[in-house]
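Protein chains in written order, with UniProt numbering: chain W, 1 to 981; chain Z, 1 to 478.
Mixed in with the good hints there might be a few duds.
[To be verified] Looking from chain W toward chain Z, a few residues come up when the C-beta cut is under 7 Å (computed):
1) Leu495
2) His512
3) Asn530
4) Pro531
5) Gln642
6) Gly645
7) Tyr647
8) Gln708
Think of the hints as simulated: they come from the structure by calculation, not from any bench. Note that the Cβ used here is the ideal one computed from N, Cα and C, for glycine as well.
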Amino acid sequence: MYRLLVLIFLSFILTTEVSGQNKVITGTVTDQDNEPIPGVNVIIRGTAQGTVTDVNGNYKLAMPPGYPILVFSFVGFMNEEVRVTTENTVDVSLYPDIQSLTELVITGYTTEKLDRLSGSVGTVESKQMEDIPIPSFDQVLQGKTAGLYISSGSGQPGSSATVRLRGSGSIGAGNTPLYILDNVPISAGEFSTLNVNDFESISVLKDASATAIYGSRGSNGVIVITSKSGKKNSASLTYRMQYGFSQQARERFEMMNTQEKIAFEQYIGEGFAGELDPNNAVDRKILEQYKRTNTNWKDIFIRKGKLQSHELAFSGGGEKTTFYTSLAYLNQEGQAIKSDLERYTLRLNLSSNAIENLKIDFNSSFGYSNSNVIPSEGQTSIINPFAVVYWANPYITPYDENGDYNTGVGLTGPNTLEIINEGQRTNDQIKSVVSTSAQYNLAEPLYIKTTFGIDFTQTNFERFNSPDSYLYENSGGSFSQSQFQDFSYIWTNLLGYSKNFKDHFIEITLGHEIFANSINSFGYTGYGINPKLPGTPEGVSPGADGINIPEIEGFKEGNSLHSLFAIANYSIKDKYNLKASIRRDGSSRFGVNNRFAIFWSVGASWNIKEEAFLINSQLLSGLKIRASYGTVGNQSGIDNFQSLGTYSPVSYGSNQGNGILYAGNPDLKWEVSNQANLGIDFSFLNDKIFGNIDLYNIITSDLFVQYQLSRTTGFESIRSNEGKMSNKGIELTLNADILTIGDFIWTVGGNIAYNKNEILDLGQVTEFERGTSIVKEGLPLGTHYITEWAGVNPSNGEPLYVGQNGEITNNYDAAGPKAIFGTSQAPLTGGFFSTLSFKGLKLDGFFTFTSGYSRFNNQLFFSENPNFITSNLSKKMTTMWKEPGDITEIQSYQYERQFSSKDIEDASFLRLRNVRLSYSFSEKLIEQTKGIFKGLEIYVQGQNLFTWTEFTGFDPEDDNNIAQFEYPASKVYSVGLSVKF
Amino acid sequence: MRKYYKYIIAILLLSSGCESILDVEPTDIIIEDQAFKSLRDVEAGAIAAYGFVSEENIIEFSSLASDDVLRPSTNSGHGVQINSWAYVASNNEAADLWYNAYRSIAQANRVLYSIDQLINNGEIKNDEISSANHLKSEMLALRAHQHLNLYRAMGEKYGNDALAVPYMDLEDNNNNNRPDGLETDLKPARLKCPEFFEELFDDIDQALQNITIETVNSQNIYRFNYYAIKALEARAALYSEKYDRAINASNDVINNVDLCSFNDYENLWLDSESSGVLFKLNRTVNDDFIGRIWTFNLTDISFAPSNELVDLLSPYDIRYYTTFYKPENGERIVYKYPGKVGGYWFLNDVKVYRVSEMYLIRAEASLKKINIDIDQANEDLMSLRNERIYLYNHNTINDKDQLINEILLERRKEFAYEGHRFFDLKRNQLPLERSPLDCGGSIPCELEAGNFRFNLPIPQEEVFANKNIQQNPGYGQN
């Protein structure tokens with residue numbers, strides 16, 4: 001109170017000092033809830049003059065001529081600049097600044113003041129996500145917050161990424177974080193039909209203090225998304241548009257051209273050209289024709305994909321009700337022919353406290369997307385265009401002299417081209433996330449809040465293979481449709497209490513929640529398609545005599561959760577803060593013996609800067625220590641009914657009976673993750689440099705594994721809780737305003753995270769193999785397990801391997817695999833940015849990097865293997881061993897090409913993820929339009945323009961351990977504008 | 001604070017009312033306690049028990065390991081370990097045989113248990129009891145049959161101290177008030193042969209008690225019927241060297257069921273005729289095609305008939321036409337399973353018990369029992385050959401050993417690719433000698449009598465999960 005009096009006094013003096021000479025402006029400054037804010041700085045830009053608002057948020061100020069702009073600033077709120085023209089009253093609303101240091105952090109069920117936060121929470125705000133031409137928002141988060149590792153598995157527009165927070169905590173279950181959009185858990189991996197421009201902020205909850213309140217689903221981290229809302233007493237219309245194109249990045253290997261391939265085939269005497277005899281007149285003629293052809297299959301299958309998007313967003317509000325609504329359209333073509341995404345999204349958010357003590361919120365989004373996809377994406381298949389581009393022989397033409405597809409046995413290029421062009425492969429999706437909540441203030445400070453929300457996704461897959469196409473003429477073509485419906489609802493009830501007692505602050509929230517999910521799927525495949533009726537179920541033949549009989553498939557299942565929870569916060573002067581949470585979860589997935597579990601956390605933080613010995617420090621402008629410990633669970637990624645003994649249909653002859661399926665484990669329960677976190681938040685030199693460091697130690701126990709049973713029981717294994725894994729790591733985030741010279745500002749920042757994963761215990765076994773990797777105690781997850789390559793014997797061209805004891809051998813089987821080639825799960829990840837701005841001009845660069853991991857490049861097995869001589873081969877094959885004395889890495893074609901450590905490649909990379917040059921038009925220009933425009937920005941940007949890596953597959957970044965002709969990430973160039981009315 | 005209690009109580013009340021949301025029942029699978037509620041459910045359980053039977057596993061092993069096949073260059077890896085006698089504990093075929101057999105036993109045990117439960121609690125009505133008892137006989141017989149197959153493959157040649165395999169039934173040997181056969185955490189040890197066969201014959205005796213005697217017909221040929229159980233008894237008795245029992249059981253079958261005649265024999269293998277078949281497994285397009293064990297298609301041959309076997313059969317023998325076939329311009333293929341009339345190539349029902357086996361069991365047992373009966377053996381051999389060889393003229397053989405050899409030879413011809421040859425040699429402690437025309441290079445020629453490889457290894461997964469199981473000698477403990 002004393003301070004306020006001083007402020008009022010001071011403002012009075014300042015006001016009187018300048019009054020009388022100039023134009024006098026008055027007004028009120030309020031927050032988004034229309035509450036007055038006292039103590040706001042009001043400065044006349046370009047002068048030293050200013051004032052502060054009084055206890056009612058009012059101010060009064062005299063403005064000298066030639067200085068028309070008022071700047072309003074207050075800690076924890078975004079600055080607001082207002083150009084004063086003829087008016088004498090300027091009322092301003094300030095909005096909380098999500099990025100600033102004393103912000104409110106959305107931590108799921110509640111929000112916390114950053115000052116009091118004891119957990120580890122990363123926040124990404126809308127301006128870091130807007131206008132990036134990537135339809136699936138999870139990919140947009142890449143590199144934005146420390147410890148959140150995102151790797152896109154595919155460049156198909158709309159595909160989602162693999163997301164890992166602080167490493168993988170589970171072997172047998174899911175490692176995907178929980179996603180919450182406006183209080184509704186949404187299904188992971190289905191984001192292509194959500195519009196990222198609608199998101200206001202994303203909180204990444206990392207440690208137990210933040211996630212324990214999500215109980216049995218929190219152990220992989222929680223990503224809380226809040227969509228945009230309108231501002232009170234305002235109205236604005238924003239139009240954004242963007243045009244661009246995407247293209248393939250250059251690969252780091254080269255295939256043979258016609259001349260090289262024919263020479264190679266002739267040398268071995270196999271292949272289309274190799275089996276031709278140059279001395280035979282007929283053969284010679286064909287050979288001549290081959291030699292004249294040099295098809296670049298990339299021109300056939302790969303293209304420059306076009307991109308466009310348009311969006312209208314209308315937001316605003318009156319005294320008691322605010323709204324945000326948007327309509328967006330996006331059309332993005334992929335780099336491969338016939339791969340694209342077209343999307344329409346709508347959003348309406350409403351918030352109203354029209355009735356006293358009652359606040360109603362309504363958030364809804366509805367979207368429809370339709371995409372064409374390539375056949376056999378990410379598979380080593382002869383109809384995957386990304387494999388065929390490299391496998392198709394350059395001496396084969398796509399079309400014959402009549403202009404028809406040049407199809408035939410082994411003619412991979414034309415065969416696939418026909419499949420793609422004449423067939424149809426589409427996925428369309430409808431997604432809607434709707435929630436509504438009502439908060440009623442029972443009696444200050446007690447309130448109740450109830451929220452009901454649904455997440456609905458329906459995906460339809462349609463595949464058509466033409467009966468006229470070479471590869472499908474025998475089966476008469478096929479047509480299939482399948483539908484996948486995923487519906488969940490959540491009902492949350494909160495009872496909250498929060499109050500300040502002098503220096504003490506207490507907040508208690510009790511909650512009850514039920515969640516249910518049901519999945520429903522069906523589909524069919526028909527054969528013997530009537531060529532006159534392509535692409536419709538009408539064209540399917542009913543089949544006869546067991547041939548071309550249509551197939552039907554489908555399933556239904558569900559699961560549910562029931563929870564009770566409590567969160568308590570206690571704070572003394574925002575200096576000493578304590579937080580505790582507890583949640584009791586029941587899950588339908590678990591056995592009667594372990595259906596319920598309790599998860600809890602405690603956290604504390606200490607604002608050292610507020611202590612007497614630091615409060616006057618000029619250098620240090622903020623210092624806080626945070627610590628937390630707690631337990632969180634994981635129940636994702638396992639089947640719904642593994643706790644139960646079950647039967648399923650088994651047929652004998654034409655009869656169907658019911659036979660044993662799973663043994664069931666009534667003791668099945670959650671994976672439990674014990675998480676400790678220690679963090680320091682710091683800022684120096686008036687917040688010119690700020691950042692934080694977090695150290696964590698996570699031990700997941702009761703890991704889901706398959707426990708092997710004696711087969712004499714009639715069962716092979718049961719799902720069981722054994723095993724332990726640890727993830728330890730350190731995360732650093734740092735931001736700095738490096739340079740400020742007048743209007744020129746250079747800001748840099750970034751984050752880096754190191755995670756060490758180790759499997760501690762596997763229960764019944766100490767190791768087991770998974771393809772070309774091994775899961776073994778003492779090693780990190782994703783460890784490659786493969787035979788060590790020792791080179792090619794120069795005397796006979798035989799491949800050599802290093803055996804278990806270091807001996808060199810030509811016996812592949814005897815040498816055996818080793819686990820010394822690193823892991824496919826990246827330990828070191830991060831991202832950094834640089835922003836240069838000068839007046840309205842701004843240049844942003846954003847890099848992501850990943851280091852210390854390797855991937856199995858399965859593509860080499862095909863491109864460097866003479867067994868595949870009927871396909872095109874790598875240029876490297878020209879260095880194949882031919883005669884004694886040849887020193888080469890490519891063995892003679894007389895020996896079997898095996899998987900070996902030479903296929904494991906370092907996949908570390910640094911990628912220029914986004915670069916953007918934008919210009920915001922100055923007020924002067926906007927002024928000339930007489931207030932029609934409130935803002936105008938134009939920009940050019942590029943995605944994935946450069947990648948530095950040693951990896952020779954298409955793309956070092958991928959969601960798994962193996963490179964198998966995945967759809968690579970595209971380079972995207974775009975221009976766009978954003979206008980605000 | 002007191003005024004807030006009511007709100008907290010309201011939340012707790014709300015919460016307890018909603019807990020039933022956790023009782024989510026599966027829609028696509030059946031929960032254990034819902035599986036058996038009526039006689040109809042028991043029948044459905046029995047169908048699944050038959051559905052789990054994979055007689056193909058033992059037929060494949062017996063054939064590929066024997067001297068009835070040769071491995072051509074078109075073999076792309078399938079069955080090579082078995083054919084070369086190089087199998088180890090991690091062998092896939094051994095694992096499949098073991099697990100598939102015990103899975104159908106586990107299913108049969110659950111059906112048997114449910115029948116008793118449902119009768120006790122009255123869910124099966126009095127007028128349904130005879131049907132229930134019939135199902136009980138079938139499941140007991142199926143359980144015995146599957147155990148016998150496991151014994152033939154993994155068990156040691158009969159002897160008082162020789163090891164058989166664990167016998168899974170509903171006894172409660174570990175006294176924990178749960179039938180052993182329903183426990184999923186059981187780790188049973190192998191039984192010695194006498195104990196094993198005691199359990200097995202208990203099942204057969206009980207099965208015979210409950211079943212009505214009826215002729216084999218198109219209805220019951222796909223299930224265990226009275227004569228099929230008798231045939232099982234005869235086969236089990238032969239393996240356990242109970243020759244009188246083998247003779248008695250085969251008598252019962254021979255006296256009541258006709259041998260497949262010369263004229264019907266070819267149609268038997270096209271499934272358009274089933275005379276002389278006591279039990280066969282019904283196979284449709286959704287099952288494995290048994291003929292693909294040897295031949296995937298006419299140009300993709302994994303195993304061909306051995307030259308030795310081809311030479312054994314004369315063109316006057318009807319089996320010359322039902323055992324192999326050489327297409328014009330093609331390679332000779334195994335032709336026991338050519339496909340059903342008008343159906344898919346190589347898809348046939350799997351014949352498990354046939355009357356001809358009863359003749360050869362009786363003949364062999366007559367020579368091995370205490371009071372040797374040379375006449376009976378000659379008579380049985382002649383009866384069978386009369387129906388197989390055109391204008392057959394039997395010369396009586398008076399030498400016992402020579403006669404046993406003739407019987408084994410006849411078994412080889414009659415049951416080629418039906419799962420017997422390898423075990424006939426094992427049972428009689430004979431060596432396996434391939435003709436030089438059929439072996440050499442990577443295909444070994446001789447497996448000397450009593451070699452450890454006459455017993456398949458206990459699968460690695462079993463040894464890993466079951467600390468009580470004993471591995472067969474020669475395979476190591478891992």
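Verification of the supplied hints:
{"no.": "1", "hint": "Leu495", "verdict": "holds (5 Å)"}
{"no.": "2", "hint": "His512", "verdict": "holds (5 Å)"}
{"no.": "3", "hint": "Asn530", "verdict": "violated (24 Å)"}
{"no.": "4", "hint": "Pro531", "verdict": "violated (27 Å)"}
{"no.": "5", "hint": "Gln642", "verdict": "violated (11 Å)"}
{"no.": "6", "hint": "Gly645", "verdict": "holds (4 Å)"}
{"no.": "7", "hint": "Tyr647", "verdict": "holds (4 Å)"}
{"no.": "8", "hint": "Gln708", "verdict": "holds (4 Å)"}
Comparing the model with each numbered hint stated earlier shows that hints 3, 4, 5 do not hold.
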